[in-house]
Structures are given as structure tokens and as C-alpha cells.
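Generate coordinates for the entire structure from the input sequences, incorporating the hints supplied.
Chains as they are written, first to last, in my numbering: chain D, 1 to 67; chain L, 1 to 678.
These aren't lab readings, by the way, just hints derived from the structure by calculation. Ideal Cβ positions, reconstructed from N, Cα and C, are used throughout, including at glycine. There are no misleading hints in this set.
Calculated cross-link-like contacts (lysine to any residue; reagent style SDA-like; alpha-carbon spacing at most 25 Å):
#  : chain 1 : residue 1 : chain 2 : residue 2
1  : L       : Lys659    : L       : Leu154
2  : D       : Lys59     : L       : Arg210
3  : D       : Lys59     : D       : Gly26
4  : L       : Lys283    : L       : Ile220
5  : D       : Lys59     : L       : Leu499
6  : L       : Lys283    : D       : Ala16
7  : L       : Lys283    : L       : Arg81
8  : D       : Lys59     : L       : Leu160
9  : D       : Lys59     : L       : Val222
10 : D       : Lys59     : L       : Gly258
11 : D       : Lys59     : L       : Val196
12 : L       : Lys283    : L       : Val222
13 : D       : Lys59     : L       : Ile262
14 : D       : Lys59     : D       : Cys19
15 : L       : Lys283    : L       : Trp230
16 : D       : Lys59     : L       : Leu358
17 : D       : Lys59     : L       : Thr345
18 : L       : Lys283    : D       : Ala15
19 : D       : Lys59     : L       : Leu366
20 : D       : Lys59     : L       : Tyr505
21 : L       : Lys283    : L       : His205
22 : L       : Lys283    : L       : His80
23 : L       : Lys283    : L       : Val204
24 : D       : Lys59     : L       : Lys283
25 : L       : Lys283    : D       : Gly62
26 : D       : Lys59     : D       : Ala38
27 : L       : Lys659    : L       : Gly577
28 : D       : Lys59     : L       : Leu509
29 : L       : Lys283    : L       : Leu296
30 : D       : Lys59     : L       : Asp75
31 : D       : Lys59     : L       : Gly344
32 : D       : Lys59     : D       : His37
33 : L       : Lys659    : L       : Tyr673
34 : D       : Lys59     : L       : Arg69
Taking CB as the label site, the calculated pair distances span:
#  : chain 1 : residue 1 : chain 2 : residue 2 : range
35 : D       : Ala9      : L       : Arg455    : 31 to 37 Å
36 : L       : Gln674    : D       : Pro45     : 23 to 29 Å
37 : D       : Trp11     : L       : Ile4      : 31 to 37 Å
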Amino acid sequence: MTAAATRRALWRSVAAGVCWLRALSGDDAYDRYLTHHAGAHSGPPLSRRAFYREREERKWSGISRCC
Amino acid sequence: MNRIAGGLLAAVGAVALAGIALHRHEPINALWIITAAVCIYALGYRFYGAWVAARVLAVDPSRATPAERFDNGRDFVPTHRWIAFGHHFAAIAGPGPLVGPTLAAQFGYLPGTLWILVGSVLGGCVQDMTILLLSTRRDGRSLGQMAREELGPLGGFAALIGTLLIMILLIAVLGLVVVNAMKHSPWSTATVFATVPVAMLVGVHLRHLRPGRILEGSIIGVALMLLAVWGGGWVDTHALLRGLFDWSSLPLAGFVIGYGWIAAILPVWLLLAPRDYLSTFLKLGTVALLAIAIVLLHPQIRMPALTSFVDGHGPLFGGRIFPFVFITIACGAVSGFHALVASGTTPKLIASEADVRLIGYGSMMLESFVAIMAIIAATLLDPGVYFAINTGAGVVGSTAAAAVHTISSWGFPVTVQQMQTLARQMGEATLFARTGGAPSLAVGMASIFGSTFGRGLLSVWYHFAIMFEAVFILSTLDAGTRVGRFMLQDLLGHVYAPLGRTSWYPSVLVSSSLVVAGWGYFLYVGVIDPNGGVNILWPLFGIANQMLAAIALSVATGILVKSGRARHAWVTLGPLGWLALVTTAAAWQKIVSPDPHIGLFAAAGALAAQLSAGTLPAQAAAVAPQLIFNQRLDAWLTILFTAILWLVILDMARVCVRKLRGLPLSACSEAPYQAARP
Chain D
1 MTAAATRRAL
11 WRSVAAGVCW
21 LRALSGDDAY
31 DRYLTHHAGA
41 HSGPPLSRRA
51 FYREREERKW
61 SGISRCC
Chain L
1 MNRIAGGLLA
11 AVGAVALAGI
21 ALHRHEPINA
31 LWIITAAVCI
41 YALGYRFYGA
51 WVAARVLAVD
61 PSRATPAERF
71 DNGRDFVPTH
81 RWIAFGHHFA
91 AIAGPGPLVG
101 PTLAAQFGYL
111 PGTLWILVGS
121 VLGGCVQDMT
131 ILLLSTRRDG
141 RSLGQMAREE
151 LGPLGGFAAL
161 IGTLLIMILL
171 IAVLGLVVVN
181 AMKHSPWSTA
191 TVFATVPVAM
201 LVGVHLRHLR
211 PGRILEGSII
221 GVALMLLAVW
231 GGGWVDTHAL
241 LRGLFDWSSL
251 PLAGFVIGYG
261 WIAAILPVWL
271 LLAPRDYLST
281 FLKLGTVALL
291 AIAIVLLHPQ
301 IRMPALTSFV
311 DGHGPLFGGR
321 IFPFVFITIA
331 CGAVSGFHAL
341 VASGTTPKLI
351 ASEADVRLIG
361 YGSMMLESFV
371 AIMAIIAATL
381 LDPGVYFAIN
391 TGAGVVGSTA
401 AAAVHTISSW
411 GFPVTVQQMQ
421 TLARQMGEAT
431 LFARTGGAPS
441 LAVGMASIFG
451 STFGRGLLSV
461 WYHFAIMFEA
471 VFILSTLDAG
481 TRVGRFMLQD
491 LLGHVYAPLG
501 RTSWYPSVLV
511 SSSLVVAGWG
521 YFLYVGVIDP
531 NGGVNILWPL
541 FGIANQMLAA
551 IALSVATGIL
561 VKSGRARHAW
571 VTLGPLGWLA
581 LVTTAAAWQK
591 IVSPDPHIGL
601 FAAAGALAAQ
611 LSAGTLPAQA
621 AAVAPQLIFN
631 QRLDAWLTIL
641 FTAILWLVIL
651 DMARVCVRKL
661 RGLPLSACSE
671 APYQAARP
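Printed below as a string of C-alpha cells:
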């Protein structure tokens, strides 16, 4: 493998890692919601602020953590 | 090709296990344990897990999951399997698998290690995967709902009461672990205190300044927490500040109780949610770092394979190896709590039934691996040092000289000077009688990290480990208090309807205070107990947790039989039988044993006799009445747990018998088949 190809592969795995962390933490949840909304609903989507408020409320009303 | 790889794995695993078996009277290397563990996990996942998924659960990738059918871009979201794996693992991984194996190391490294491996592959992983699939097939219903619909109202009610009680015990014992880690340690106390405003800052950032930039907020928060570890070290060198943060255990318990109460009534965005983001990042980062460090360092295990404490007179907690090693390991092998998560948020994320094995079976494997790392960190210490840190002053004596004398007389030599040098290296005033498992795990982790990444920073690594454990524990504590509050409101709502409204503020105050008072009581008694308190609370928590696992496995077995798969029901019936045996045996001994070291009524009786004979020192006599009451209360709780367990098992047996006799049953609540999008 040439040096350039190695660098490309390295960047790709770093980018994949960042994507995984964004998805895991919920950082990209609003982007996903917008994509979903564009395909499925009419009417204006929630604002970023309102979306995260609602998300937090929902996440913390059930059992989400364990021993 | 698969067969060759499987055969190779089996061979390597067998060699590693043989290595562990043959190195009985000389120190063995942790690499043997890691190799055996990885091979057993790989074989379990590839063969048993795959077989259970395909044949017993009849996983069907062509069937649409709730995430696909109800996709709303919010809670029902088809999620890539590795991301769902991360979510599920972060949700099930808590401090349990760190504390349990550390305590179980008093029996030697072998019993705990074997149960963590066997119990997870045949029990815990199967339970998590089965409940996850059953809930996915039922639109993401909770364990309690499934118990009610598939078994009967009794099962549902038992699951609710069981969960509430186990939550209270869990929070109390974890609070005790944190208190013992911070006791008279200005560095730890300052660092842990600082994590509260850090979480609040991140909360404000994510709510008002930059809504929803979670990754950015978390990176800032984690950086601030690392700064808090360093800042705690600075506080420790400052004469005035040092005194300000030098707290004894009773005020610390007050702090933890106050923190829990405030966290429960504050809005979630301010404290609970940001703390959870930070703890998830710390959790994943530290677990990965620890795995890398253990493999790079591959330390020698200094603890013998088996110690003489298998006969039941162990100093950390009383009771023979059977059944108490199983009760103590708890979450590292089988955890009833996971069934609640596997029937909560995770089923709403599953994109395809084919992912259930990775997410359910795989996450539990990783959790079990965390438990293996905890047992390695505990057993690489000199056994004398391990016992000096983990044994309460009530057992070995309150002076350093008395403690080393007692511990050396057990055949584990240790000197006062050795303990002083270690305490100095770790930046602590003393490491004697730091019960609860957190300090000894932190010493183990600090020696692993220190040897791998730089020896000069031992004290920083030690306090990093304490901070990591405390953040872990406090986020379980506040989330647990909140969940307990919801359950209590659910129950109280039957008595007076407005109390059931989760957003009505008087109800929030009343129910939060009741839950905090519940665990606060057990925490308080643990703190005043001269034996450390963990020796009583942890086995009680273990019994409760294994009881919840048995309830989950009963629900799973009942559903398997009801849906005509009785031939394969042994897959969940086997672990259920074992857990029922272990839990009942432990409960029996806790209730009837005449040995005050084990039996709760016996301990209360012995203490009462000493009190009335006037042989107790004044300080012990002052707290004795409360300890006596608490031991009797714990005994009654144990009786209640056992009764709930057998009621659910009998209810399940009733359903199975009706099915096998062809009598009518409640309808199966599985959602009808709908084809997945291609």
C-alpha cells in the first residue's frame, strides 16, 4: 500500500469513529430527525432547541441506566 | 472455513484454561485469563448464541421490527447495529461489574473468573438476548407488561415491587462505595465535588448556549473533569483547602443523600442528562484504555487461585463459596436489571431481528469482560494489601499495627510500612479499611495504568480511577432515584390519583423524598456500621438482583412454552433453575444460619446479647440498637425477596402446565407478522 492510500484509509477510519461517537451521543439526532421529517411529514419540523428539549424529556422518563 | 476457525479457537481456549488449571501454586499471568475469556466469548457467540438465536428464538430478518413499523424519527428509529450496540452497552454497563468481582476476589481469582465466564455465556447473555427479542416482537413492551400479559397480574406486580426494592438497595450500596472512597481523602472529595458544577455547566451549554451540540459539550465536560482530577491534587497540597475537603463518612453520606434529592427534583437538563453524557464517554474511554493497558502490561496475578475463605469466614463478607460467589459477582455474569433495559429503549432501535444477537448477547459479553478486568485489577495486588484495603476496622482492629498483624496471621503478609508507601504513592493519607471495593480497584487500575503509561503519575491515575468510579456511581444514583420516583408514583397513583401524575410538583416532591429516604436510611446504617456496611448490603443487593434475573427468565420460559417451543425451553429454564437454587440457598443461610458472621437474625441476636451484657465499648453500644434493627429488617427483606421469586416461578409453572395439558390460556401478545422493507 502506498503512503497516500494508508493516509486515506486512516482518515476514513477516523471519520467513521467520529460518526459513531456522534450517533452514540445523540449529536446527530436532529439531523436524522430532519431527514426523516422531510420524507414522511408535511408542515414545519421542530426547531433544534425544541427537538432536544422533547428528546431529553422522553429519554429520562423510563429506565435508561443500570447497575 | 468457519469450522477450522472454531476448532482453532476451541484449542487456544482449552490451552489457556489448562494453563490456568495447572498453574495452581505459582503466580499466573493475566494473559492466560484474558485469552481464555476471549476464546470462550468467541465460541459462545459464534455457536451457542447463534444456535439460540436461530433455533430457539427463531430470529427472522424478514420480519419488520417496531423501529421500522413505527419509525417516527424520535424514539422509534431503525439504528445501525453497531450504534445500537453502543447505546445498549452504555445503558447496561454500571458500577456493579466493577464492585462485585473486587469483593468476590476474597475467595481467590479462580471462582469469580469461572462464574463470570460460564454465567455470562450460558446465562446472562442468553437472558439479555431473549428478553430483547421478546420485547422487540411485542412493540417494545417492558418486562413488567410482558409478565402481566403472558403470565398474569401477579407476575407484573412482583416485577414492579422487585424492581423498586432492588433500586433502593442498589443506590444505597453504591452511595456507600462512594462515601468510603472519599472518606478523609481531600483529593478525591474535591475532585468528586467538582464534577457536579462541571455537569451543570455542560447542561447550560447544551440547553441554552448551543442546543444539542452533545459531542462538543461532552468533550468540554470531559476535559474539565480531567482538570478537576489535577485540581484535586493541588487542593491536597494546600494546607487550608485540604482541611476544607477532609470529611468523615457521616457528613459525606449527608452530601450524597442531599445530592440525590436535589438531582431528583431539579430539571433533567441541568444535572442528570449532562452527567449521563459525560459518564458515557468516560465509561467507554476508560474501559477501552484498561483493556489496552492490561494486554500491554499483562501483569502477574498475585492472589492464590483459592483462599482459605471459601469455607465461609471471609473478612469482606461472610458465607461459603457456594452460594455466595454467585450472589457477589451478580451483574458481571447475570443481571436482572439488564432485562429492564432490554425491554425499554433498546428494542425501539433494532433495525432488523438479525441484529439481536450482536446487541443482546454481544453487549453482555463485553460487560462480562469488564468484570474480568475488575477481577484482574483486584488480584494483581499483593493479597495482604488487598485485604488491608478492603477489610473493615471492626474485623481487623482500628490501628494499623493491629490490622497488619491480623491480616498477616491469615497467611497474607503485609507490613505497616508497605501500606504507608502505597498510600503515599497514591496520594492518600491511609489505605487501611477503605471498604467498598472502589479504592482497591483504583489502586489496581493505577498500577496498571502507571506501569503502562508512566510510573510517576500513580497518584493522578489513582484519583482518575476514583473520579471515574464516582461519576459512574453518581449517574446511576440520580437516574435510579428518578426511576424509583416514577415507579413509586405509579404505585401511589392507585391510592390517590393525582399522586400518579409524573409532572405534578407536590407528587414529585413527596415521591422523590420517599425514595431518597429509603436508600438514605440504608446508606446511613452502612456508614455507622463498624464492619463497613458493604458486608451486609452487597449480598442483599446480589440476592435482589439475581431474583430479578430469575423473574425475567421465568417470563422468557413461560413465553417459550406458551408459543409451542417447550422442547427448547431448557435454554432459559436451566439458568433459571440455577439462579433459583443459588438465590434460595443464599437467602436461607442469611435467614437461618446460627453463625452471626452469616445469619442476619443470628447477628442481631448476638449483638443484642452483647449490648445487654454491657460488653460493648461505648461507641459501639451507641449505634448497636440501630444495627440490630437494621439486621432484622434486612432479614425480613430477604424473606420477601424469596417469596416474590417463588410466587413468580409457580405462576410460570402454572402457565406451562396449562399449556402442556391443552387448557385455555391468555392470548400470546406477539405483534402479527409484517414483512420488512427489502
